[in-house]
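Asks: Read off the chains here:
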Amino acid sequence: MSPDPTAPTSHAHSAPGVRVRGLTVVYKTPMGELPAVSNVDLTLAPGTITGVVGESGSGKSTLALCLLNAVQPPGRIAAGSVEIDGLGDVVELGGEELRRARGRHVGYVFQAAQNSLNPLKTIGKQLLDLGRSHGVADLRALVRDAKDLLARMGMDGARVLDSYQHELSGGMRQRVGIMLALVLNARVVVLDEPTTALDMITQATILRIVREVHDERGLTTLVITHDVGAVAEVADDLAVMYGGRVVEHGPVKEVLGDPRHPYTQGLIRAIPRLSGDIGEARALPGRPPTLGTLPAAGCVFRERCDRRMDVCDTVEPVALTRDGRTVACHAAAEDADRRLTAARRKEFA
Amino acid sequence: MTATLRVRARSKTSPTSSASPKAVVRRVAGHVARGLVMIWVVATISFVIIREIPGDPVRGQYESLIQKGMSPEQAERATAVLYGFLPTGSLWEQYLGYMNSLLHFDLGRSLSTPGVEVTTLIGSAARWTVLPVLAGTLLSFLLGVIMGVYAAIKRSGRLGDVLALSGSLLHGVPVYVIGLLLTAIFATLWPIMPSGGPVDVEHVPGLNPGYLGSLAHHAVLPVVTYTLASYGGWILAMKSNVVAVLGDDFILAAELRGLKRGIVFRYIARNAILPLFTILALSIGMLFGGSIFIEQIFNYPGLGLLLVGSISSRDYALMGGTFLVITIGIVVANIVADLLYTAIDPRVRSGGSA
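Chains as they are written, first to last, in my numbering: chain A, 1 to 349; chain B, 1 to 354.
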């Protein structure tokens, strides 16, 4: 398979869409069941890369695991659905059906340089385990595909398959993880912090590979990260999570260029720039909420918000979608109304 | 339990996942050299300690003969005839003589069983120790590992609690209490088992069913005692290892890749059992010390009993010989454990300069 950069989205028509609706995940704690993800709606358009950013504990990894119905105890999916084209509602799947869907339909790439590989087996043997688990008849072809994929990512396939995990560097392991997620031709790929703990150069390489393979194979990709820069480079769409909610979602250039939710605005202000004064970067005041400190009513962000209003204390803002941008914020809704009226007035004038 | 020898060697670049034969030979040679030094040191220490502890059986014999009215010359001759030799010379000369005979695998003659070679005594005692203790060790290992996996998987349920509790309980009860309890129950209250001895005397030794059956029958209680006594350690170690591996990322990753349960289980088991092999090899090495309590209780003429007997009768040669055998057992077990690790853990294998 030779990549043709001029026709990057040749498979895009076959990429599956993913629709998350009303998803709520709770964790059992001594204080009762607390929500890590609350009533999340998120649509991944077929053939796009959607980035999810948020601070630690914002629920982004939990959301990622939901795409494989793999929330680990003491957590559980309490409500909602995750519809994947060609697979149905993943939340309803269980047992063997679920096991077969994992790896075959939805590929999952673990955090970089972490131990996502069995230390006692060569990569090749683990690849064969994967093939046998999914009833792959032609294991030779599987190995060939794996070698192609590894070569595609700039590695010597035969040598990597003969290696143990400890013989590979962090970046190499990460690429092996991507290979294992793709080798069964999964069309939905979830990458959980794919570049965390990698150096800048390797980060850039991995992101480029993600983008290329995504385009080449016509995938629908979800990238979880806390690195806004990484997302800007690779994603089409961006979802911002805070306190278990998706507070803003839209095309990545618009969300980053013209953030509407106060949290997104704060997040972008907090990024230090290469050019300009380092003092211009402003950290968000306060701390992100934990499971125990999430307010029961009202907006979850109001404690740290510079545009807090009375209504924020009592009413949780609903996610409103206007011109392709989804924002869940009372103040942002007001802004939007004002813009609309101003635009109308201009029209009449 | 002794510390594990787990060496996590990391080499990021090497494609040599299997060590060359030359490297293996060098590794083994290094181990053997270190082992020999170890044995020499222990032999020297035990030689000095044994000679320096008060009480001298030859001297005692000599003096008691004089008290019986012999002349010193007569007494000396009689003692020499009895033991076949008389210790002469300075400590240093004795040490050199001892080392010289060690090099010829000559451990000397026993003093408490006059005239018999120490190697003969140890050899016949080893027969009674090695098989039962080996059987007990392997049995408890097998049982403990399997139950440990269950205890870990079912750790939030009742079965897990019961298994973990059985481990802690048996780990805490001293081996002689278990032994005495078992004899009390199965040899006294409900006498279906012999209370002691290695075999019934009426059978002719040899490969006949009566003799072998009697051997097995007599071995049951010692083996069960040994198994129960060491089972607790295995189940607790295995359980904690499995729980640790269950929390490892690669297990979740394997599940998220949709690997079959059986394969994931093998991933868990193999990673969890690895550290236990070192302990297993070491405890097999320790078995040459015999199990003093078990051999006492069941009147088994094994190495443990031999050691105790040699100490109480101040039998230098036998003591030194027994210590030496225990030392060699442990040193060899260490080497075997390390080589075993090399064979089963690729991380150790490729780290040449670990």
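If you are wondering where the hints come from, they were derived from the structure by calculation, not from laboratory data.
Please note: incorrect hints may appear among the correct ones.
Derived BS3-like pairs: lysine-lysine, alpha-carbon spacing no greater than 30 Å straight-line [to be verified]:
1) Lys22/B / Lys28/A
2) Lys346/A / Lys253/A
3) Lys121/A / Lys68/B
Using C-beta positions, here's what the derived DEER-type ranges look like [as the list claims (entries may be wrong)]:
4) Gly157/B / Gly95/A: 47 to 57 Å
5) Asp89/A / Pro174/B: 31 to 41 Å
6) Ile146/B / Ser169/A: 51 to 61 Å
7) Asp162/A / Leu159/B: 21 to 31 Å
8) Ser81/A / Gly262/B: 51 to 61 Å
Non-contacting residues of chain B with respect to chain A, defined by C-beta distances greater than 12 Å in every case (computed) [said to hold, decoys possible]:
9) Pro72
10) Arg77
11) Gly123
12) Leu139
13) Val162
14) Tyr267
15) Ile268
16) Ser312
17) Ile328
18) Asp338
Quick caveat: nothing in here was measured; it's all calculated off a predicted structure.
In this text, a Cβ means the ideal position worked out from N, Cα and C, and glycines have one as well.
Asks: Run every hint past the structure and note whether it holds.
Replies: Right, here's what the structure says about each hint:
1. Under the criterion of a C-alpha separation no larger than 30 Å, the hint pairing lysine 22/B with lysine 28/A is inconsistent with the structure, at around 56 Å.
2. For the given pair, lysine 346/A sits about 27 Å from lysine 253/A by alpha-carbon distance, which is consistent with the 30 Å threshold.
3. For the suggested pair lysine 121/A and lysine 68/B, the alpha carbons sit about 76 Å apart, so the restraint of at most 30 Å is broken.
4. In this structure the hint that glycine 157/B and glycine 95/A lie 47 to 57 Å apart at CB is violated, the actual value being about 20 Å.
5. Range check, aspartate 89/A to proline 174/B: about 59 Å between beta-carbon atoms, so the 31 to 41 Å window is missed.
6. For isoleucine 146/B and serine 169/A, the Cβ-Cβ distance of about 38 Å falls outside the hinted range of 51 to 61 Å, so the restraint is violated.
7. Distance hint for aspartate 162/A and leucine 159/B: a CB-CB separation of about 41 Å, inconsistent with the stated range 21 to 31 Å.
8. Checked against the hint of 51 to 61 Å, the pair serine 81/A and glycine 262/B fails, with Cβ atoms roughly 31 Å apart.
9. With 12 Å as the threshold on Cβ separation, the claim that proline 72/B sits away from chain A holds: the shortest Cβ distance comes to roughly 71 Å.
10. The non-interface label for arginine 77/B is consistent with chain A: the shortest C-beta to C-beta separation is roughly 68 Å, beyond 12 Å.
11. Every C-beta of chain A lies more than 12 Å from that of glycine 123/B, the closest at about 40 Å, which supports listing it as non-interface.
12. Separation of leucine 139/B from chain A is adequate, the least Cβ-Cβ distance of about 26 Å exceeding the 12 Å criterion.
13. With a cut of 12 Å on Cβ distances, valine 162/B stays outside the contact zone with chain A, its closest approach being about 21 Å.
14. For tyrosine 267/B, the non-interface assignment is contradicted: its Cβ lies about 5 Å from the closest Cβ of chain A, within the 12 Å cut-off.
15. Remark: the non-interface label on isoleucine 268/B conflicts with the geometry, its nearest Cβ contact in chain A lying 10 Å away (cut-off 12 Å).
16. In this structure serine 312/B is separated from chain A by more than 12 Å, as the shortest Cβ-Cβ distance comes to about 49 Å.
17. Distance check for isoleucine 328/B against chain A: the nearest CB is about 31 Å away, which clears 12 Å, and the non-interface claim stands.
18. Every CB of chain A lies more than 12 Å from the CB of aspartate 338/B, the least distance being 17 Å, so the non-interface label holds.
When held up to the earlier numbered hints, the structure conflicts with 1, 3, 4, 5, 6, 7, 8, 14 and 15 and fits the remainder.
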